[in-house]
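Novice: The lines below spell out each chain.
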Amino acid sequence: MAPKYTLTYFNGRGRGEIARLIFAAAGVNYVEKRLEFSEWPAIKQSTPWKSLPILEVDGVVLGQSLALTRFLAREFGLQGKTNVEQALVESAAEASIDLYGDYFPILFENDEKKKTEMTEKYVNQTAPAVLKNLEEFLSSNKNGDGFFVGQSLTWADLSMLYAVDQPVSMKVEMSGFPKIMAHRKRIENLPKIAEYLKKRPNTPF
Amino acid sequence: MAPKYTLTYFNGRGRAEIARLIFAVAGVDYVDKRVESEWPAIKQSLPWKSLPILEVDGVVLGQSLALTRFLAREFGLQGKTNVEQALVESVVEASADLYGEYYPIMMEEDEKKKAEITEKYVKETAPAVLKNLEEFLSSNNEGGGFFVGQSLTWADLTVLYALDTLFEINTKFEMTDFPKMMAHRKRIESLPKIAEYLKKRPNTTF
Numbered sequence: 017m018a019p020k021y022t023l024t025y026f027n028g029r030g031r032g033e034i035a036r037l038i039f040a041a042a043g044v045n046y047v048e049k050r051l052e053f054s055e056w057p058a059i060k061q062s063t064p065w066k067s068l069p070i071l072e073v074d075g076v077v078l079g080q081s082l083a084l085t086r087f088l089a090r091e092f093g094l095q096g097k098t099n100v101e102q103a104l105v106e107s108a109a110e111a112s113i114d115l116y117g118d119y120f121p122i123l124f125e126n127d128e129k130k131k132t133e134m135t136e137k138y139v140n141q142t143a144p145a146v147l148k149n150l151e152e153f154l155s156s157n158k159n160g161d162g163f164f165v166g167q168s169l170t171w172a173d174l175s176m177l178y179a180v181d182q183p184v185s186m187k188v189e190m191s192g193f194p195k196i197m198a199h200r201k202r203i204e205n206l207p208k209i210a211e212y213l214k215k216r217p218n219t220p221f
Numbered sequence: 349m350a351p352k353y354t355l356t357y358f359n360g361r362g363r364a365e366i367a368r369l370i371f372a373v374a375g376v377d378y379v380d381k382r383v384e385s386e387w388p389a390i391k392q393s394l395p396w397k398s399l400p401i402l403e404v405d406g407v408v409l410g411q412s413l414a415l416t417r418f419l420a421r422e423f424g425l426q427g428k429t430n431v432e433q434a435l436v437e438s439v440v441e442a443s444a445d446l447y448g449e450y451y452p453i454m455m456e457e458d459e460k461k462k463a464e465i466t467e468k469y470v471k472e473t474a475p476a477v478l479k480n481l482e483e484f485l486s487s488n489n490e491g492g493g494f495f496v497g498q499s500l501t502w503a504d505l506t507v508l509y510a511l512d513t514l515f516e517i518n519t520k521f522e523m524t525d526f527p528k529m530m531a532h533r534k535r536i537e538s539l540p541k542i543a544e545y546l547k548k549r550p551n552t553t554f
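Read top to bottom, the protein sequences are chains A and B.
Everything in the first sequence is counted per our numbering, starting at 17 for the first residue and increasing by one.
Everything in the second sequence is counted per our numbering, starting at 349 for the first residue and increasing by one.
Pulled out of the complex, with its shape left as it was, chain A reads as follows (with noise of 0.2 Å):
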């Protein structure tokens, strides 16, 4: 039987790579559809948005990244167990978009002079302060050594996962975030996880 699922981004992690995790860690299986540049403006017109990703589910298709994350992980059922629990889960994810906001105008930013700029505030204040409060948090849930929220995965845990490799490939100083980088070690080796990482085809964004 076809899967239910069709994830359509372009060949990288970006904005198809949570929702690429919170299958893996489901276990659900799906078909990935990874488009070139080149093929993109053919289709963006007949896309709800005119952006990727895009997920098709029972014949309708879904646009805005974190509305289709969401999504899934409700389908999967990596929200969290309460109302409570779910805000507390994806106030976790909006604050880790601060991490990662930033990563694709410095990447495309052709000033070199601008780019330098930008990296250095990524580097020196942005990260460091909203790493710092994703610390705090991720310490005030059982000391910080299980899950960002309650006792269970949720898409809070992958969202970081996702959200922590932009300050580590800048080369943010990361000793000041132990518990994170311990989360992070964790959420990697758990076996679906792990497994999905090694079979990951290896792209520049």
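Think of the hints as simulated: they come from the structure by calculation, not from any bench.
Where a beta carbon is used, it is the ideal one built from N, C-alpha and C, also for glycine.
Some hints could be false.
[As the list claims (entries may be wrong)] Not everything, but these chain A residues come out facing chain B in the computed CB check (under 7 Å):
1. T24
2. N27
3. L78
4. L82
5. F87
6. R90
7. T98
8. E101
9. E106
10. I113
With chain A fixed as given, assemble chain B onto it according to the hints.
Specialist: Relative to the frame of chain A, chain B by itself:
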């Protein structure tokens, strides 16, 4: 009995306004705390060092969209199925491109830069987003109802707020290409609980 919810923000619409619209539509009482000079004193005690926050059942929720979504779910305004919820949220995410520029534009002190970013917003960003929203709205009951499904969701409230910020940035913004959106706006503004709320809402600078 004291209200179950306390919403704390600055004295303005900003990042708390959609939450307030949700409370109004749901007809639910809450404590609407507006802080001014007290901000530095309470900042460090907040989970994300930012406002708004929502206190409920002894828990402090931060991050405006997370707490707003929480309230939508509390009062059944999130959409009826998982797919509908996702459609509602996609409208909200798209609308963020309309109101996301509000603070950068309003807070820009360099007059030349402010004029540049305002022009880009008015000539490029806003029309592109509005075109998508108009199409999306039109695909549901020909745009004569709500954004998603057959009843009000917080998507309708978010668009109301987003258009407010657009008109504030540019009071003369031309909406002739977006007739369904303008008719929708009138319908939502006229819902009794919304009309009442808008009448009583304090006039603030943001």
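Novice: None of the hints should be skipped; say for each whether it holds.
Specialist: Okay, the hints, checked on the actual structure:
| no. | hint | verdict |
| --- | --- | --- |
| 1 | T24 | violated, 15 Å |
| 2 | N27 | violated, 23 Å |
| 3 | L78 | holds, 5 Å |
| 4 | L82 | holds, 6 Å |
| 5 | F87 | holds, 4 Å |
| 6 | R90 | holds, 5 Å |
| 7 | T98 | violated, 10 Å |
| 8 | E101 | violated, 9 Å |
| 9 | E106 | holds, 4 Å |
| 10 | I113 | violated, 9 Å |
Hints 1, 2, 7, 8 and 10 from the earlier list are contradicted by this structure; the remaining hints agree with it.
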